[in-house]
Every structure is written in C-alpha cells, then in structure tokens.
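Could you put together the complete structure from these sequences and hints?
Just so you know, the sequences run in chain order A and B. Take 1 as the starting number for the first sequence in our numbering and just add one per residue. Take 1 as the starting number for the second sequence in our numbering and just add one per residue.
No wet-lab data here; the hints were simulated from the structure. Note that the structure is a prediction, hence the values are computed from the model and not measured. Errors might be hidden in some of the hints.
[As the list claims (entries may be wrong)] Just some of the chain A residues that point at chain B, by a computed CB distance under 10 angstroms:
1. 67
2. 69
3. 75
4. 76
5. 81
6. 105
7. 108
8. 110
9. 175
10. 176
In this text, a Cβ means the ideal position worked out from N, Cα and C, and glycines have one as well.
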Amino acid sequence: MAVALPLRAETGLRQKERPTREEVSALSISQKIVDGLIEHNVNFVTTVPCKQLAGVIEIVEKTPQIMHVPSNKEDEGMGLCAGAWMGGKRPCIIMQNTALGVTVNTLATLIQFYQMPLPMIISYRGELGERVACQVEMAVHTKALLDQLHIQTYHFHKPDDVEEIGAIIKHTFMSRKPTAILTDSNFWGGY
Amino acid sequence: MIRSEVFKTLIPLISDQLVVCNIGLPSQELHMMDDQPSNFYMLGTMGLASSIGLGLALSQKQKVIAIDGDGSVLTNLGTLPTIANNPASNFILLIIDNGSYGSTGDQPTYAGRKTSLAKVAEACGCDNVIECKAEDTAKVMEAALKGDRMTIIVCKCKSGNVPVPVIEMDAPVIKHRFMEEVKRRNA
Chain A
1 MAVALPLRAE TGLRQKERPT REEVSALSIS QKIVDGLIEH NVNFVTTVPC KQLAGVIEIV
61 EKTPQIMHVP SNKEDEGMGL CAGAWMGGKR PCIIMQNTAL GVTVNTLATL IQFYQMPLPM
121 IISYRGELGE RVACQVEMAV HTKALLDQLH IQTYHFHKPD DVEEIGAIIK HTFMSRKPTA
181 ILTDSNFWGG Y
Chain B
1 MIRSEVFKTL IPLISDQLVV CNIGLPSQEL HMMDDQPSNF YMLGTMGLAS SIGLGLALSQ
61 KQKVIAIDGD GSVLTNLGTL PTIANNPASN FILLIIDNGS YGSTGDQPTY AGRKTSLAKV
121 AEACGCDNVI ECKAEDTAKV MEAALKGDRM TIIVCKCKSG NVPVPVIEMD APVIKHRFME
181 EVKRRNA
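Written out as structure tokens, the structure reads:
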C-alpha cells in the first residue's frame, strides 16, 4: 500500500532508528483511520489505551477538530459518548476487545435501548501472532459477544481494509446503532 | 430530609435546566414531580449519569446538571478523575448521598460509612466540591447555577423512598425530546 510518511533514514537519522516497514505501515493506517473520522465529522473521541491503537490515540490527541476525552473504563467512555451525541457532537470510542465484557450492559441498556450511534474502533487482541496467551481468552468470545448483542461488526484483517473506515462511520450514524470495527494484528502489520 | 424532599426544594431551580437523572427511583421521582423535555431519564445503566452529563456539558453551551447517587458514583468511581481533568464550567454534578442503594432496598453503601465522596472528588482533582446538608442543597445549587465554575455538590440526606410509578415513556422518545430541547436552547 502507499506510504505517505517519509522513512527516518531519509532525514539523516542513524540506520538503527529507521522504523520497520511494519511501523511505517501502522502509522499510515493510524492516520487513515483518523482521516476517516474527520471526513465524516466525528468530533468527540474517548479512548482507553491499547498498544495497537497507540498511534491512532496520539493522532486523535493532536487533531484540533476532535475533542479527545480519555476515559478510565470503556463503559464510562460510552456514557461520555452518549452525552456528547445528545449535545450535538458525533462521538467514537477507541478501545480493546478485552473490554467488551464490561460494556455489555451499557451497550444494551444505553446505546441500543436509546438508539444512539456509536462507532467502536477496537483492537482485536488475541488473534494470529499474539504473544500473550491471556489475550486469546477474550478473543474467542469477541465475535460471539458482538453477535449475541446484534452489533454490526467489521473485521479489518488486511491493511487495505482501512479504506472502508469512512463508509462504516457513515453507516453507523445513518443506522443509529453501535458498530464494532475489529482491527487485528495482521491488519496492523504484526506485533 | 429524604431524596424526594430534596427534589421538592430543587425543582423551582432545576425545572428549566438540562438535567441528566440517575437510574431507578431518582428518575422516577423527578418524572413524577416535574416531567420536562429538558430531563433525560436513565432507565438502565447504573453509574453513568455523571459521564453522560459531562459528555453533554463538554459538547454544548447550556448548563447541565447531572443528578447522581452515592451508590452510582461508587459504581463508576473512575468518572471523578475524568470530570476533574476535563473541567466544563457549565457542569454541575449533584450527588444525592443518602448512604444507601435506595432503588434496591436501601442496603448501606460505603459512602454512608467510612468513605467521603467529597474527599474522593477532591483527591481526584475536582477543585470546587461542596458538601452540604440536605436542607442547604437548594441554596448551594442556586449559587452553582449563578456561578461559572464546574461544581460538585455532595448532598448528605437521609435514606428513604416514596412510592412512585415506573417511567412508561420509551427510551428513544426520552432521548428525542431531550435532544430537541438541547438543540432549541443552543440555537
């Protein structure tokens, strides 16, 4: 895929500081995700960190069109998003799939019950290439939980899948439902 | 004074304000006493009134009052650092602290024992926290509404409930009329 960022080697830095192809790819993907948010007027983002989403969070924080309010837990973040939506903003939550368990009640009784749109950009830990065995324990429940909750789900597995981000955001606000975008390790170019 | 008596003293002040009200009896009492399009009633999701209120306050200009309970704040204690670090001058969090889980049978909360929510809020970085007696709540609320600072009010009141009907309004209807009201006030 096209890489917009210059390699650090070209700016005269030492060879060992040169980012790997995977790092450049992840940075470029992060930018494309944020570009998709901006293009579809998402202007309120709450985040709970994940290593895979660190690049997205960093760009969100620096983006003047987006109000970034980090939250301590994902259900709290969904509450912030619900308030922001009712206040006229277009919200989004960025989180890890391991947190899906703690958000089931909030998704059902707040976001779905009141018919609110909520794009959820989720790092899909525990998939191929994972090094931490415990992450797999929630990975095996991730799609089952989303399916049980009737949440429209998109799985980004290849870097080019990022091109769909805009259409998914648009669809989420049209349908006034939560939407899960699962981004796995392969999509991010490995761990 | 119990919560519903505190509400009675507050209604003249908050009736025309945007209010996000906590799940269970608080929403049912407010709905019974003074239903307004400017009230957002939570029908589920214990603990998130303060988060919804903060999100709303950060997203538009009108003042927002979130009415929460001590049990609900304890459920979502992470909300206090978020509120402290993202101050909204138009946000008032009123914690009705009756030391009990009122909607589930008045079981005691830790806030009614050793834990001070006012001190927790201060330790989290909230810099305008006022703890008051139930009888003084209206006076404190009036000052907060006149002021231009984010305010956390911890109202210490007695545990107890009055019989109230459940809210029959559909959730999307509550949301829709509230959003229309928010839009109208910000136009």
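Comparing the hints with the structure gives:
Look at residue 67(A): its Cβ gets to within about 6 angstroms of chain B, closer than 10 angstroms, so that hint holds up. Contact between residue 69(A) and chain B, as hinted, is supported at the beta carbon level, the nearest pair being about 5 angstroms apart and thus within 10 angstroms. Taking 10 angstroms as the C-beta cut-off, the interface hint given for residue 75(A) holds, the closest approach to chain B being about 7 angstroms. The interface hint given for residue 76(A) is met, as the beta carbon of that residue sits about 5 angstroms from the closest beta carbon of chain B, less than 10 angstroms.
Evaluation of the residue 81(A) hint against chain B yields a held restraint, the C-beta minimum of about 6 angstroms falling below 10 angstroms. About 6 angstroms separates the beta-carbon of residue 105(A) from the nearest beta-carbon of chain B, less than 10 angstroms, and the hint is met. For the restraint placing residue 108(A) at the interface with chain B, the shortest Cβ-Cβ distance is roughly 8 angstroms, inside the 10 angstroms limit, so the hint holds. A cut of 10 angstroms between beta carbons decides the hint on residue 110(A): the least distance to chain B is about 4 angstroms, and the hint holds.
Given hint, residue 175(A) at the interface with chain B, is violated; its Cβ is 13 angstroms from that chain's nearest Cβ, farther than 10 angstroms. Nearest Cβ of chain B to the Cβ of residue 176(A): about 9 angstroms, under the 10 angstroms cut. The hint holds.
Of the numbered hints given earlier, the model fails hint 9 alone.
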